[in-house]
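**Student:** Let chain A serve as the given structure and place chain B on it in line with the hints.
2 protein chains.
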Amino acid sequence: MKQIEGGVCAAKGFTANGIHCGIRKNRSKRDLALIYSSTRAACAAVYTQNLVKGAPLKLTKEHLSDGWAQAIICNSGNANTCNANGREIAEGMSELVSKRLGIKAQDVVVASTGVIGQPMSLEPIEKGIGALTDGLSRDGCEKAAEGIMTTDTVKKEMAVEFTLGGKTCRMGGIAKGSGMIHPNMATMLVFITTDAAISAEMLQKALSGNVQNTFNMLSIDGDTSTNDMVVVMANGQAENEEVNGEGEDFDRFMQALNTINVGLCRMIAGDGEGATKLLECKVSGASDKSTARTVAKSVICSSLLKAAMFGADANWGRVLCAIGYSGAQLDVDKIDVSFQSDAGLIEVCKNGAGVDFDEALAKKILSEKEIDILVELNSGAFSADAWGCDLTYDYVKINGDYRT
Amino acid sequence: MKQIEGGVCAAKGFTANGIHCGIRKNRSKRDLALIYSSTRAACAAVYTQNLVKGAPLKLTKEHLSDGWAQAIICNSGNANTCNANGREIAEGMSELVSKRLGIKAQDVVVASTGVIGQPMSLEPIEKGIGALTDGLSRDGCEKAAEGIMTTDTVKKEMAVEFTLGGKTCRMGGIAKGSGMIHPNMATMLVFITTDAAISAEMLQKALSGNVQNTFNMLSIDGDTSTNDMVVVMANGQAENEEVNGEGEDFDRFMQALNTINVGLCRMIAGDGEGATKLLECKVSGASDKSTARTVAKSVICSSLLKAAMFGADANWGRVLCAIGYSGAQLDVDKIDVSFQSDAGLIEVCKNGAGVDFDEALAKKILSEKEIDILVELNSGAFSADAWGCDLTYDYVKINGDYRT
Numbered sequence: 012m013k014q015i016e017g018g019v020c021a022a023k024g025f026t027a028n029g030i031h032c033g034i035r036k037n038r039s040k041r042d043l044a045l046i047y048s049s050t051r052a053a054c055a056a057v058y059t060q061n062l063v064k065g066a067p068l069k070l071t072k073e074h075l076s077d078g079w080a081q082a083i084i085c086n087s088g089n090a091n092t093c094n095a096n097g098r099e100i101a102e103g104m105s106e107l108v109s110k111r112l113g114i115k116a117q118d119v120v121v122a123s124t125g126v127i128g129q130p131m132s133l134e135p136i137e138k139g140i141g142a143l144t145d146g147l148s149r150d151g152c153e154k155a156a157e158g159i160m161t162t163d164t165v166k167k168e169m170a171v172e173f174t175l176g177g178k179t180c181r182m183g184g185i186a187k188g189s190g191m192i193h194p195n196m197a198t199m200l201v202f203i204t205t206d207a208a209i210s211a212e213m214l215q216k217a218l219s220g221n222v223q224n225t226f227n228m229l230s231i232d233g234d235t236s237t238n239d240m241v242v243v244m245a246n247g248q249a250e251n252e253e254v255n256g257e258g259e260d261f262d263r264f265m266q267a268l269n270t271i272n273v274g275l276c277r278m279i280a281g282d283g284e285g286a287t288k289l290l291e292c293k294v295s296g297a298s299d300k301s302t303a304r305t306v307a308k309s310v311i312c313s314s315l316l317k318a319a320m321f322g323a324d325a326n327w328g329r330v331l332c333a334i335g336y337s338g339a340q341l342d343v344d345k346i347d348v349s350f351q352s353d354a355g356l357i358e359v360c361k362n363g364a365g366v367d368f369d370e371a372l373a374k375k376i377l378s379e380k381e382i383d384i385l386v387e388l389n390s391g392a393f394s395a396d397a398w399g400c401d402l403t404y405d406y407v408k409i410n411g412d413y414r415t
Numbered sequence: 012m013k014q015i016e017g018g019v020c021a022a023k024g025f026t027a028n029g030i031h032c033g034i035r036k037n038r039s040k041r042d043l044a045l046i047y048s049s050t051r052a053a054c055a056a057v058y059t060q061n062l063v064k065g066a067p068l069k070l071t072k073e074h075l076s077d078g079w080a081q082a083i084i085c086n087s088g089n090a091n092t093c094n095a096n097g098r099e100i101a102e103g104m105s106e107l108v109s110k111r112l113g114i115k116a117q118d119v120v121v122a123s124t125g126v127i128g129q130p131m132s133l134e135p136i137e138k139g140i141g142a143l144t145d146g147l148s149r150d151g152c153e154k155a156a157e158g159i160m161t162t163d164t165v166k167k168e169m170a171v172e173f174t175l176g177g178k179t180c181r182m183g184g185i186a187k188g189s190g191m192i193h194p195n196m197a198t199m200l201v202f203i204t205t206d207a208a209i210s211a212e213m214l215q216k217a218l219s220g221n222v223q224n225t226f227n228m229l230s231i232d233g234d235t236s237t238n239d240m241v242v243v244m245a246n247g248q249a250e251n252e253e254v255n256g257e258g259e260d261f262d263r264f265m266q267a268l269n270t271i272n273v274g275l276c277r278m279i280a281g282d283g284e285g286a287t288k289l290l291e292c293k294v295s296g297a298s299d300k301s302t303a304r305t306v307a308k309s310v311i312c313s314s315l316l317k318a319a320m321f322g323a324d325a326n327w328g329r330v331l332c333a334i335g336y337s338g339a340q341l342d343v344d345k346i347d348v349s350f351q352s353d354a355g356l357i358e359v360c361k362n363g364a365g366v367d368f369d370e371a372l373a374k375k376i377l378s379e380k381e382i383d384i385l386v387e388l389n390s391g392a393f394s395a396d397a398w399g400c401d402l403t404y405d406y407v408k409i410n411g412d413y414r415t
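Going down the list, the sequences are from chains A and B. Read left to right, the first sequence gives residues 12 to 415 (the numbering used here). Read left to right, the second sequence gives residues 12 to 415 (the numbering used here).
One chain only, chain A, in its complex shape (with noise of 0.2 Å):
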């Protein structure tokens, strides 16, 4: 498997566009997104598991019934969720993709983020929809995934080569991220895109048992989007055989997703709103799989420790009250602390207790922009990582009054 250029085009038969069509005030920053196959594609997803869910979620989930998608399309700016007219919204913008690019609307994925509960027109989007459509190209991945972005500060695209049966397949993804990010079975917005033949059930199979290690293990604050969701469109143009169960080729399959989706969870994290620094908690010496998910989970998720990482300050108490409370059953006089990055690794507690340790080279070490957790729980052979970021003043700003 090698990285190779061009995001959620990297796949044959995909191609991409993002315009600014009016939702956002701001001429500069463009507000809609398409991805299109050239032929109908399996398609899986998995969506937010918070009760209040956007219109255009739900409508997603009843056109991906049948296992079937060729186009996405993404307008950020507006959430269209909690507001009167979200599903006949949602509705024109799968209609008008529909219209557009001669597909049934049922083969429309439609996603939106945004502010919540703010009043949407779909005018915009029916001005733009011309210019959208005539600009797909096989270079449009740049576009749709600007598209998309909402506090990003940076767009979030990836992509790979692998073989499957002796054939080349690409797969690749771009991602929103940023604020409100806490996944619970699904998580912010990503879009992959692939040319492997693959069913649509090992497609959903692949993709929900993948995200259980990816996206749900990261974290920006705590907080589940009502939007989210992860899709993922196989239109089988790489000419392999399909793959319809398990096997060699289910496992190269989910081998790519997973490297497509570490990541992009990175680059979500390491753009957290407000963010300096990723940070990645790796948990080791767990006596289940379970354990080493929650230790890893409530670790990135401690507003004190993401501080902490945002002060460089090697407050490992932290770390130790966050797994005290993380609900997993383990023995605390049994864990080691360390803290990694390119600029070294230092060990702050030994089987639950502080030891003496330089303090400057700490400093040094949590003042790079990548810094890794190192939990080693001393009580079985599970691991676990999650990623998260600092907590950090513009955090604060940036969410302090995000609606004006």
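Be aware that a few hints might be false.
Identical copies look the same in the list; a pair holds intra-copy or inter-copy alike.
[Said to hold, decoys possible] Here are the computed lysine-lysine pairs in the DSBU-like style, where the Cα-Cα straight-line distance is at most 30 Å:
| hint | residue 1 | residue 2 |
| --- | --- | --- |
| 1 | K36 | K69 |
| 2 | K69 | K216 |
| 3 | K300 | K361 |
| 4 | K408 | K375 |
| 5 | K36 | K375 |
| 6 | K36 | K361 |
| 7 | K110 | K69 |
| 8 | K36 | K13 |
| 9 | K345 | K69 |
| 10 | K345 | K72 |
| 11 | K361 | K72 |
| 12 | K36 | K374 |
| 13 | K361 | K115 |
| 14 | K380 | K408 |
| 15 | K361 | K408 |
| 16 | K374 | K408 |
| 17 | K115 | K72 |
| 18 | K13 | K345 |
| 19 | K361 | K345 |
| 20 | K69 | K361 |
| 21 | K40 | K374 |
| 22 | K216 | K36 |
What the hints contain is simulated information worked out from the structure, not anything from laboratory work. Please read all numbers here as calculations on a predicted model, not as lab measurements.
**Tutor:** Using the frame of chain A, we list chain B on its own:
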């Protein structure tokens, strides 16, 4: 029932003191507090559910196994947690008090608050114990309240007078709040004294029942501390007939306890680390008590909502979002949301969707120091309140470098 002065010394037979003994470097900050009852008192406590528990907390649990106590010693500046000599220090503290006051070491409650995992020495306490006990006085509550403060900016004390069986009783408390506050069954440090006569069993029942509606409904930052405890001592010097079962007297006692605890909750929330505003989420119309509590707590814990309140931004979508991911089962389409303060009341969401509202008025309402977030679920007769604070630049600043 009426509010009176005196805090933990309001009740007959109680004296208190607080000094600087040298655990902290800052000589102007008291770091050691003592509360003493001239006679043995029935004593009840609730403790943190964090698996990582401070050594003082473990010792106190053993000491209170017989339901009696006579003194509470508490230091700030070091949590005496996750350090190798924790048990030894905690025992040393109780023995010093025991010797100086001529009471049983078993009757001493020991508590510590401050940084986790730092080496601690008994030496400053040995040096200070003479001044600490010699200075015990009926007007020493303020000094004790200061002695337990960490990043608190104001001391927290409250007292009430009430009647049991024709006898005037008094109850008062002090609290240390600020950060790492997200109680789970118990909470930060709260010490309550009363001269009411009540059996240890009924005292525990009263406390355990009441914290569900008070300290367990309080969150500053979602982090449950390792050292949290609420202790209540009742020495019976009011000479009322001992409360040893349910009935009118027990109900009155509960009312007094609830008044003290709600008062302290509000003080702790309003003085949360970096906070500029006290937030109170009042949920009504729930189908059961548990739903009401879950919803209120989830709203008060949302980092996004807390940041919006800091910015006086009426971003009610974040209230709905937090309700949606709370885990409570409810009908989203029935939810109404309003914001209220001394500047007025404004409805922002009706039946789960936004309503037109005056943004200028909303801004004015949300610019006050105390904000009520009113959530009507329209599904039943149960209600619950939760307390928290806004998320500010100063929270990040304080916690970016707490240890140094």
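**Student:** Evaluate each hint against the coordinates.
**Tutor:** Going down the list of hints, with the structure as the test:
Proximity of K36 and K69 under a CA criterion of 30 Å is satisfied intra-copy only: 27 Å inside one chain copy versus 58 Å between copies. In this assembly of identical chains, the alpha carbons of K69 and K216 lie at most 30 Å apart only when taken from the same copy (20 Å versus 47 Å across copies). For a Cα distance limit of 30 Å, the shortest separation of K300 from K361 inside one copy, 22 Å, qualifies, whereas the shortest one across copies, 43 Å, does not. Taking identical chains as interchangeable, the C-alpha atoms of K408 and K375 lie at most 30 Å apart whether they share a chain (27 Å) or sit on different chains (19 Å).
For a Cα distance limit of 30 Å, the shortest separation of K36 from K375 across copies, 25 Å, qualifies, whereas the shortest one inside one copy, 42 Å, does not. For a Cα distance limit of 30 Å, the shortest separation of K36 from K361 across copies, 27 Å, qualifies, whereas the shortest one inside one copy, 54 Å, does not. When the C-alpha separation of K110 and K69 is checked against a cutoff of 30 Å, the pair qualifies only within one copy, where the shortest distance is 21 Å, while the shortest distance between copies is 69 Å. Taking the shortest alpha-carbon separations for K36 and K13, neither the intra-copy value of 40 Å nor the inter-copy value of 56 Å comes in at or below 30 Å.
Taking CA atoms no more than 30 Å apart as the test, K345 paired with K69 passes between copies only; the shortest distance there is 18 Å, against 46 Å inside one copy. In this assembly of identical chains, K345 and K72 lie within 30 Å of each other by CA distance solely across copies; the values are 23 Å between and 45 Å within a copy. Proximity of K361 to K72 under the C-alpha cut-off of 30 Å is restricted to the inter-copy arrangement: shortest distance 26 Å between copies versus 48 Å within a copy. For the homomeric pair K36 and K374, the shortest alpha-carbon distance between copies (22 Å) is at most 30 Å, but the shortest distance inside one copy (42 Å) is not.
Within a single copy, K361 and K115 get their C-alpha atoms no closer than 60 Å, and across copies no closer than 35 Å, so neither meets the 30 Å cut-off. For a Cα distance limit of 30 Å, the shortest separation of K380 from K408 qualifies both inside one copy, at 21 Å, and across copies, at 19 Å. Taking identical chains as interchangeable, the C-alpha atoms of K361 and K408 lie at most 30 Å apart only when they sit on different chains, with a minimum of 28 Å there against 37 Å within one chain. For a Cα distance limit of 30 Å, the shortest separation of K374 from K408 qualifies both inside one copy, at 26 Å, and across copies, at 16 Å.
In the homo-oligomer, the alpha carbons of K115 and K72 lie at most 30 Å apart inside one protomer (15 Å), although the nearest pairing across protomers, at 67 Å, exceeds that limit. Taking CA atoms no more than 30 Å apart as the test, K13 paired with K345 passes in neither setting, with 39 Å inside one copy and 51 Å between copies. In the homo-oligomer, the alpha carbons of K361 and K345 lie at most 30 Å apart inside one protomer (8 Å), although the nearest pairing across protomers, at 52 Å, exceeds that limit. In this homomeric assembly, K69 and K361 come within 30 Å of each other (Cα to Cα) only across copies, at 21 Å, whereas the closest approach inside a single copy is 49 Å.
Proximity of K40 and K374 under a CA criterion of 30 Å is satisfied inter-copy only: 27 Å between copies versus 38 Å inside one chain copy. Neither within a single protomer nor between protomers do K216 and K36 lie at most 30 Å apart by alpha-carbon distance, with minima of 40 Å and 58 Å respectively.
Violated hints, in rising order: 8, 13, 18 and 22; the structure is consistent with all others.
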